[in-house]
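J.: Here is how the chains run, residue by residue.
Protein chains: 2
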Amino acid sequence: MNILRIDMGASGGPKVSVVPSGEYAGLGGRALTSSVISKEVPPLCHPLSEDNKLVIAPGLLSGTSAAQSGRISVGCKSPLTGGIKESNSGGQPSQVLARLGYAAIILEGKPKEGNLYKIFINKDGVKITPDSSLKLLGNYALVEKMKKEYGDKIACISIGPAGEMKMSAASVAFTDMEQRPTRHAGRGGPGAVMGSKGVKVIVLDDTGLSNRTPKDPEKLRTANKTFVDGLRKHPVTGEGLPAFGTNILANVINEAGAYPTNNFLVGRFPGISKISGETQAETEKARGGIPTHGCHRGCVIQCSGVYMDKDGHYLTKQPEYETVWAHGANCGIDDLDAIAMMDRLDDDYGIDTIEMGATIGVAMEAGLAKFGDAEAAIRLVKEVGKGTDLGRILGNGAAVTGKVFGIERVPVVKSQAMPAYDPRAVQGIGVTYATSTMGADHTAGYAVATNILKVGGYVDPLKPEGQIDLSRNLQIATAAIDSTGMCLFIAFAVLDQPDTFQALIDMLNAFYGLNLTADDVVALGKNVLKMERDFNACAGFTAKHDRLPEYFKKEPLPPHNVTFQVTDEDLDRVYNW
Amino acid sequence: MNILRIDMGASGGPKVSVVPSGEYAGLGGRALTSSVISKEVPPLCHPLSEDNKLVIAPGLLSGTSAAQSGRISVGCKSPLTGGIKESNSGGQPSQVLARLGYAAIILEGKPKEGNLYKIFINKDGVKITPDSSLKLLGNYALVEKMKKEYGDKIACISIGPAGEMKMSAASVAFTDMEQRPTRHAGRGGPGAVMGSKGVKVIVLDDTGLSNRTPKDPEKLRTANKTFVDGLRKHPVTGEGLPAFGTNILANVINEAGAYPTNNFLVGRFPGISKISGETQAETEKARGGIPTHGCHRGCVIQCSGVYMDKDGHYLTKQPEYETVWAHGANCGIDDLDAIAMMDRLDDDYGIDTIEMGATIGVAMEAGLAKFGDAEAAIRLVKEVGKGTDLGRILGNGAAVTGKVFGIERVPVVKSQAMPAYDPRAVQGIGVTYATSTMGADHTAGYAVATNILKVGGYVDPLKPEGQIDLSRNLQIATAAIDSTGMCLFIAFAVLDQPDTFQALIDMLNAFYGLNLTADDVVALGKNVLKMERDFNACAGFTAKHDRLPEYFKKEPLPPHNVTFQVTDEDLDRVYNW
Numbered sequence: 009m010n011i012l013r014i015d016m017g018a019s020g021g022p023k024v025s026v027v028p029s030g031e032y033a034g035l036g037g038r039a040l041t042s043s044v045i046s047k048e049v050p051p052l053c054h055p056l057s058e059d060n061k062l063v064i065a066p067g068l069l070s071g072t073s074a075a076q077s078g079r080i081s082v083g084c085k086s087p088l089t090g091g092i093k094e095s096n097s098g099g100q101p102s103q104v105l106a107r108l109g110y111a112a113i114i115l116e117g118k119p120k121e122g123n124l125y126k127i128f129i130n131k132d133g134v135k136i137t138p139d140s141s142l143k144l145l146g147n148y149a150l151v152e153k154m155k156k157e158y159g160d161k162i163a164c165i166s167i168g169p170a171g172e173m174k175m176s177a178a179s180v181a182f183t184d185m186e187q188r189p190t191r192h193a194g195r196g197g198p199g200a201v202m203g204s205k206g207v208k209v210i211v212l213d214d215t216g217l218s219n220r221t222p223k224d225p226e227k228l229r230t231a232n233k234t235f236v237d238g239l240r241k242h243p244v245t246g247e248g249l250p251a252f253g254t255n256i257l258a259n260v261i262n263e264a265g266a267y268p269t270n271n272f273l274v275g276r277f278p279g280i281s282k283i284s285g286e287t288q289a290e291t292e293k294a295r296g297g298i299p300t301h302g303c304h305r306g307c308v309i310q311c312s313g314v315y316m317d318k319d320g321h322y323l324t325k326q327p328e329y330e331t332v333w334a335h336g337a338n339c340g341i342d343d344l345d346a347i348a349m350m351d352r353l354d355d356d357y358g359i360d361t362i363e364m365g366a367t368i369g370v371a372m373e374a375g376l377a378k379f380g381d382a383e384a385a386i387r388l389v390k391e392v393g394k395g396t397d398l399g400r401i402l403g404n405g406a407a408v409t410g411k412v413f414g415i416e417r418v419p420v421v422k423s424q425a426m427p428a429y430d431p432r433a434v435q436g437i438g439v440t441y442a443t444s445t446m447g448a449d450h451t452a453g454y455a456v457a458t459n460i461l462k463v464g465g466y467v468d469p470l471k472p473e474g475q476i477d478l479s480r481n482l483q484i485a486t487a488a489i490d491s492t493g494m495c496l497f498i499a500f501a502v503l504d505q506p507d508t509f510q511a512l513i514d515m516l517n518a519f520y521g522l523n524l525t526a527d528d529v530v531a532l533g534k535n536v537l538k539m540e541r542d543f544n545a546c547a548g549f550t551a552k553h554d555r556l557p558e559y560f561k562k563e564p565l566p567p568h569n570v571t572f573q574v575t576d577e578d579l580d581r582v583y584n585w
Numbered sequence: 009m010n011i012l013r014i015d016m017g018a019s020g021g022p023k024v025s026v027v028p029s030g031e032y033a034g035l036g037g038r039a040l041t042s043s044v045i046s047k048e049v050p051p052l053c054h055p056l057s058e059d060n061k062l063v064i065a066p067g068l069l070s071g072t073s074a075a076q077s078g079r080i081s082v083g084c085k086s087p088l089t090g091g092i093k094e095s096n097s098g099g100q101p102s103q104v105l106a107r108l109g110y111a112a113i114i115l116e117g118k119p120k121e122g123n124l125y126k127i128f129i130n131k132d133g134v135k136i137t138p139d140s141s142l143k144l145l146g147n148y149a150l151v152e153k154m155k156k157e158y159g160d161k162i163a164c165i166s167i168g169p170a171g172e173m174k175m176s177a178a179s180v181a182f183t184d185m186e187q188r189p190t191r192h193a194g195r196g197g198p199g200a201v202m203g204s205k206g207v208k209v210i211v212l213d214d215t216g217l218s219n220r221t222p223k224d225p226e227k228l229r230t231a232n233k234t235f236v237d238g239l240r241k242h243p244v245t246g247e248g249l250p251a252f253g254t255n256i257l258a259n260v261i262n263e264a265g266a267y268p269t270n271n272f273l274v275g276r277f278p279g280i281s282k283i284s285g286e287t288q289a290e291t292e293k294a295r296g297g298i299p300t301h302g303c304h305r306g307c308v309i310q311c312s313g314v315y316m317d318k319d320g321h322y323l324t325k326q327p328e329y330e331t332v333w334a335h336g337a338n339c340g341i342d343d344l345d346a347i348a349m350m351d352r353l354d355d356d357y358g359i360d361t362i363e364m365g366a367t368i369g370v371a372m373e374a375g376l377a378k379f380g381d382a383e384a385a386i387r388l389v390k391e392v393g394k395g396t397d398l399g400r401i402l403g404n405g406a407a408v409t410g411k412v413f414g415i416e417r418v419p420v421v422k423s424q425a426m427p428a429y430d431p432r433a434v435q436g437i438g439v440t441y442a443t444s445t446m447g448a449d450h451t452a453g454y455a456v457a458t459n460i461l462k463v464g465g466y467v468d469p470l471k472p473e474g475q476i477d478l479s480r481n482l483q484i485a486t487a488a489i490d491s492t493g494m495c496l497f498i499a500f501a502v503l504d505q506p507d508t509f510q511a512l513i514d515m516l517n518a519f520y521g522l523n524l525t526a527d528d529v530v531a532l533g534k535n536v537l538k539m540e541r542d543f544n545a546c547a548g549f550t551a552k553h554d555r556l557p558e559y560f561k562k563e564p565l566p567p568h569n570v571t572f573q574v575t576d577e578d579l580d581r582v583y584n585w
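So the sequence lines, in the order shown, correspond to chains A and B. Under my numbering, the first residue of the first sequence carries the number 9, and numbering increases by one thereafter. Under my numbering, the first residue of the second sequence carries the number 9, and numbering increases by one thereafter.
Take every hint as true, because none was put in to throw you off.
In this list, chains with the same sequence are indistinguishable; a pair is considered to hold if it fits within one copy or across any two.
Okay, derived cross-link-like pairs now, DSS-like style, lysine-lysine, Cα gap no bigger than 27 Å in a straight line:
| id | residue 1 | residue 2 |
| --- | --- | --- |
| 1 | 552 | 118 |
| 2 | 47 | 552 |
| 3 | 293 | 282 |
| 4 | 143 | 156 |
| 5 | 534 | 552 |
| 6 | 131 | 153 |
| 7 | 378 | 143 |
Keep in mind that the hints were calculated from the coordinates and are not lab data.
Here chain A stands alone, though its shape is the one from the complex (with noise of 0.2 Å):
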C-alpha cells in the first residue's frame, strides 16, 4: 500500500506525492492516523494552518472481503479540542480507497491563493482541479454534481459550508451504498481542516479494480464465516441494531434514568416514546423507508435505514440514536420528523449532530429559543447553513456557544460536546468522556456496554467502583479496533463470545500472513492511546483536562438524584496500565 500525500501550499499549485507507506506500513485506521499526526504535526500549532494535516485512511482490513470493514479513520490536530483527532466514518469510500491500493490520503499545507479544489483519482492516477462552481455547496448538492461529471460508480469525501467556513464543529462526509453523504467524521471538526486545505471533495473510483488479495484466502474466507455468524448470533448486533438501528437505545437508555434532557437537566424524556427506535423503525415501514439497511457493502448487522418524509419521499439516511437524542430529548423536542429534517440539514451542511444539538441545547438554555420548539430549533440549524453571526456562533460548537452567552453549564470536556449518556446516571462512560485523548466521546470506550446493557460483564451504573477498569479496557480495545477499520458494533460480540474475537484475530493473520494474538492486539491500543496522549501533552493538556464540568459533581441528575462520584484521584488512574 502506498500512502498519497497532496501538499495543497505548494508554489504553482498542489503537488501530488505517492510514496510507500514506509515507517507507517502495517498500519491502518486509526493507528495510522493518530502515528502521521503525532509524527508531523507541530502539536503547538493553530489547527487551521499549513502546519496541520489531514489524513484519511481506510482500515487494516478495508478493501477485502471481510465483513464490517468499511469504516475510515479522519485524522488530525482538531479546531473544537485543540487536542488531537481521530473520528472516523462509514460509508463507501474506505473499501474503494483501499481497493485503489492507498493506505491513507495525507493532505497538507495550504492554498495561497484562496483556491477551492476537487481531487479525483482512479486506477490511473490523481488530478486535482480548482473548481470556484462547488464553493458553499451542501454536500447533497456537490455529490450530485459529481455523479454527473464522474458517472455514478464514484464514492465521495466531501465538506459542506460548515467545512468551508471552518466551523469547528465541521465534518467530512462520506458517501454511503445510494451515494449519498450521509455518513459523517463528525466529531471535533475535521471538515474545518479539509476546507482550510482548500478541498472540497475528493471523488473516488475504482473501476477496474479488484478486492485486495489475502495471503491466506481460504483461512481468510473460514475466519470470516466464523466471524459474520459471532455477529449474527449476538442479540445486540444479530436483533436488535438490525431490527431498530441504533435507536434501540433510546427506550433502554431512558428507561435507566441516563437520557439527558433539556441540555443535561435531567435522564428522562417525557416525550420517548414518539422518537423511540420502535416508534422510528415502526414510522419508517409505514412510509416506504427502511429500517434494515447497511451504510457499506460487506456490513450484516445492518444498523442503518432510509427515512422517508410524510408523503413518501426520501429525507435523510435513518438518523442515528445519538442524532435522535441530541436534536430530540436534548432540546426537549419529541417531533421524529422535526429530528430527521435537521440530521438531513446537519449531513448537508456539514456538521456534527451531536455537537449540533449539544450546541442547541445550550442556546435555549441562554434563551434563544425554548425547550421543545422544533421549528426554532430548525431555524438556529439552518442560521449555521447561512453562515450568518448566529450561525457560526453554533457551527463552533458548545464551548463557544456557551461562552459567547454566557452560560455554565455546558456539557463539554475538552471542548468537545457529551454525547447521549449522562455521566452521572452511567459512571463508566463519564470516566471515558472525561480520561478519552478525543473530548468528550462515547465511542472511545463504550462503557454503556457493561454498565447498562451488561455486555462483557456488568458494572453499576451509579456507582463509581469499577468504572476506572472498566473504561481503560474498553479504550484500549477500542483504540485497536479502530484501527482495523472495523465496525465498532462488532464489540458487543467480541466482548462476549471468545469465538468472535478469535476470527476477527484469524482474519488479519489470514490477510496479512502474520501470527497476531489477543495480547498483540491489546499492545496496538494501548500503544495508539499512548502517542495520542503525548500529543495532547505536548498540545498543552493535562490530568486538569481529564474532568467533567464542575456542575456534574454538584448537581444531582433525576430520576436517580445522582451526581458523578468517580474521584480526581482515580481519573488519574486510567492511564496506568
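Take the given structure of chain A and dock chain B to it, following the hints.
T.: What follows is chain B alone, placed relative to chain A:
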C-alpha cells in the same frame, strides 16, 4: 482594616459580613486579590459559577497622603483566560474604599433569582438593594443616576451592559475625579464575573472620614516629598507623561518599528502623525480639553486628560496609548475623533479597549470590515453595546472572534489579546506576553522600558539575549508594585533612581511602622507570582501555554523583518529564580 464579604447567593438575599483581615492582614492590591483567589476559589470552577469570587482591593498605601497611591486591584478567575486574574485601575474608589476602612470587598456566590443589585457603602455600613431600573444602563447613565440618588460626593465601581451580558472582555469601571466612569480594570473580563454576581454598581461615600493615620506621620511626609521629587525629575514621569499622556509612546514605538499595524501585519503605521500623543495633546488644547490631568487625587504624574469633540463638548477622557493603538493603527485607522468615540463607547459599555481593538483587528482580517474603515469599526463596537449576535462574539474577545470566523492570525496568549507592542520588535515584552500569569499583558513586566526607552539599562529589543532576565525581574517588581496600590508609572523613576525606590520603601515603613528592605519587596513580588502560577497550574496551564502563537516565530515583521527569536527552553526559565 476589615474585609467586606458579600454573599450574593445567600438564601433570602445578599448577606454582608465585615470580618477582620485575618490571614490576609498586611496584604494589599494584587497580593491580596491573588491570595484570596488562590486560597478560596477552586481552580477548575467555571468563571461564571457561584464558586468564583470577585475581589476588589485598594493598595497598601491607598487612602493615605502618599502620592500615586490610588490604584485599585480586581481579582477573580478570568472568564477570558481561564486562569487567575488581577486587573487594576486608577480613579477615586481606591482612596475612598481605603478611607472607609476596607482592605477589600469580596463578592461571593450567585443570586438564584437573577436580580440586579446596587450596593451603597458609607461610614454607617452597607446597604444592598435590588434595582431592575439599572438593567443594561451604560456606565455613564448609571453614574449620573447614582449621583442623583446619593449626591455628588460618591465614587462608583460599576459594570456596563457588557458585564451584565457576561462578555469575557467586560471591564469593571471606576469613576475619576470628575465622577465619570473612565478608569477601568479592563483586562481579562472581571466585569463578567461582577455581572454573574448580579452586582451592577458599588457606590462609595467617605463623607465624614479622613485619610488613614500613619504610624510615623513625619517620616511619611519626608519620604513622600523625596518620592514626588524623584517622579518630577525623571524625564518620563516629570516631562513626557504630563505633557502628552501615555500616547507620547506612539511616535517612539512606531519609530522602533514595533507599532502593530493592521492586526500585527507590519510594525509601522503610515498614519502615525495623525494619532500621535503630540497631535492628540494639540487637538485637546485647541478644543478646550485638558492634556495634563490626574485620574485620582494625589497624582503628580498627571498622564490623563480630557478629550472634547469637534464642538468642544466632553467626549471621553484622553484615550490612552494602548487604546489609540488598538482602535487606531491596529485597525489601520488614523482618525483621532473616531478613536475617541470608540473609547467613549467602550467605557460606556464597560469593555476592555485593548481587547476590543485587537478583536476588531481580527474581525477585519476575517473580512467583516476593511482595515482603515473607521465608520465600520464604530459600527462593530456598537454591536457589542446592543448585544447582537455579532456583538456577543466581539465582546468575548479576539480568541473567540478568531475561532468563530476561522482566522489563524489571532494575536493572543492564554486567550488574552496582545497590547500595543509587537513582540517580534520588542522581544522582552514578548517574553512577558508569553509567560505572564495574566495572558498577554504589557503591564505585567514592561520590558519596553529597557528595550526601547532605555530605562533601567538597555537590552537590544531585536535580539533574544538578555530578555529572560529582563522580563523576570520586571515581572517580580511589578507584582510588588501592584500590591502597594501605587501607579505602575512610578517604575520609570524607581528603576532609574535608587533614592526614589528607597523613598517608596520608606513610605511603606513609615505608614506601617515596619523595617522593610528592597529584598522584602522582591520577596513579595516573587511570592505573588508563585501563588498565581500555582493557581494556573491547578487550572490546567503548563509551559505549553507560555508561548506566543506560532506565526510570530514564522512571519517576519517589517520594517526590521524579525521573527520572535526567544527559544521555548529560555521561556521556561522565566520562573526559575
